[in-house]
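*Asks:* Modelling step: build the complete structure from the supplied sequences, incorporating the hints.
Chains as they are written, first to last, in numbering that gives the first Met the number 0: chain A, 0 to 278; chain B, 0 to 282.
Listed next, the in silico SDA-like pairs over lysine to any residue satisfying Cα-Cα at most 25 Å (straight line):
#, chain 1, residue 1, chain 2, residue 2
1, B, Lys116, A, Pro33
2, A, Lys76, A, Glu121
3, B, Lys177, A, Arg90
4, B, Lys177, A, Gln101
5, B, Lys177, A, Ser60
6, A, Lys251, A, Gly183
7, B, Lys269, B, Ile254
8, A, Lys18, A, Lys76
9, B, Lys196, A, Glu149
10, B, Lys177, A, Gly93
11, A, Lys76, B, Met114
12, A, Lys76, A, Gly237
13, A, Lys150, B, Leu195
14, A, Lys76, B, Ile180
15, B, Lys196, A, Asp124
16, B, Lys177, A, Tyr30
17, A, Lys132, B, Arg184
18, A, Lys76, A, Val22
19, A, Lys150, B, Lys269
20, A, Lys76, B, Arg192
21, B, Lys116, B, Pro200
Hints in this document: simulated from the structure, not taken from any laboratory. In this text, all values refer to a predicted model and were calculated from it rather than measured experimentally.
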Amino acid sequence: MIKPTANFANTSQTANSPKEFLVIENVTKAYPTPNGGETVVLDDINLNIGENEYISIIGHSGCGKSTLLKIVGGLEKATSGSIWLGGREVRKPGAERMMVFQHYSLLPWLTVRENIRLAVDEVLDHLSPADKKQVVNEHIAMVNLNAAAEKYPDELSGGMKQRVGIARALAIRPKMLLMDEPFGALDALTRGRLQRQVLDIWENQRQAVMMVTHDVDEALYMSDRIIMMTNGPHAKIGEILDVPFEHPRVLKELRSQSTYYDLRNHALNFLDQHFSQDD
Amino acid sequence: MLLQFNVQIILVAAQATWRRSLRPALVRDSVLLPLLGFAGLILLWWIVATLRSEMMPTPWQALVANLDYILHPFYRRGPGNLGIGWLLAASLRRVLIGFVLGALVAIPVGFLIGMSKQAMLALNPVIQILKPVSPLAWLPIALAIFNLANPSAIFVIFITSLWPTIINTALGVSSVSKDYIDVARVLEMPRWRQVLKIILPASLPYIFTGLRISLGIAWLVIVAVEMLTGGVGIGFFVWDSWNRLNLSSVFLAVIVIGVTGLVLDYIVGKIQEWVTHRPASQT
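*Replies:* Next up, the structure:
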């Protein structure tokens, strides 16, 4: 039974609990061009995210999805519009919106433990040294890196590096986690394992997550809603797809449901359609 | 049981052949071939010295003539008559004082240039003009300022040490990956702590490259400076030996200076490895 695709669109406002934790209001991002004009990358984006909600942003490369994430993270400024987190406007980077970077961004002169400790020292500076040490140890254990704790990043595989990135992000107890294609640089097997690990952690301790991805399966597996962006320039939110599966999710079970394939096809069709329009 | 024993023998034998085939290559690469190079150089010297015996001593004659210096590097036989170890120590002291003072000025200046566009625009032309000036040209200015040989020599070394360290530090600071800075910004690290905890460690490999180049040039320059200023030092020893037509000692000094330069570079490389936790690049 294939539902009409129109049913999937924009049903999000009715689902789930309050979605006013993160509010993205009329955000537009434009870059000046050399000949005096401007390129509008993001055009009037409006989006609300709930306190315990895992959302994915999906779109073709160049659609500005990473830019949107960086604006929420404060690393880039919106040309107009505003971002509100828990009722307060955000204009700068802040540790309550911690990033997980696509290329890990670990400091190569510090060990795994020291990388995480640096973040803890910086953000949780009210803790005693003993408590800080415990926070670091907990998070190293959480991503199963006990054996590699004293290693330097260039001694680690890509998957291990990203686990350090995730541990570093979670250790400082952010209100919201921003992930910029966190599994994009990993091989397929490692990616699957790490997705499971991140989902486990999130299912145990839910919080707001905003993840940029270009992988429909990853978005369906992990997130509660999928924000599908149209192609840039002038990228907008094309459609918002609710993912109705209960957590904890098991990939095998998801794949046995026809709804999974309906959603998957719908998302792929959306992407295809916007791809062909562009050419 | 017997089979196991046999397998073991085969394993041991295989290991032995593996080692045998590996080790000669290692010995050849790290011992024999370098020795061949030195042997060739000494042979060349020997041939030239044999053909033109009035021009220079053979290696053997030089060795014999220098035996006293080699066996008693730290003798003191009155003022100005010191063993070559003391001369070397005097030169090293000048170089190290000048070099450390230079680094203390050059690293902060390099940071300033690397972090501020205005500082870069203001200082870059000055550096570009002063950098190609031979450090020896500063010697008369230094003598005019200090009126003494020793501080003047140190001043020249100080000037020599500045440029490579400034330029490499500035390059390192300005090329710190934006990713690292983004991490610091997300963690809300104040600017001064970003400098200490992110920019400084990230640019340390560049800073050390600059320091190694500076120290190398400083060691080149001190010999020339001491030839001009006189006093106690390995450079003046070279010039003094030449004036006494004692070419044997000049050859000795050349070897001592070369080995010392190599050791200095090695030491800085080791310090770099220790500070940055990463193997230093070979220069």
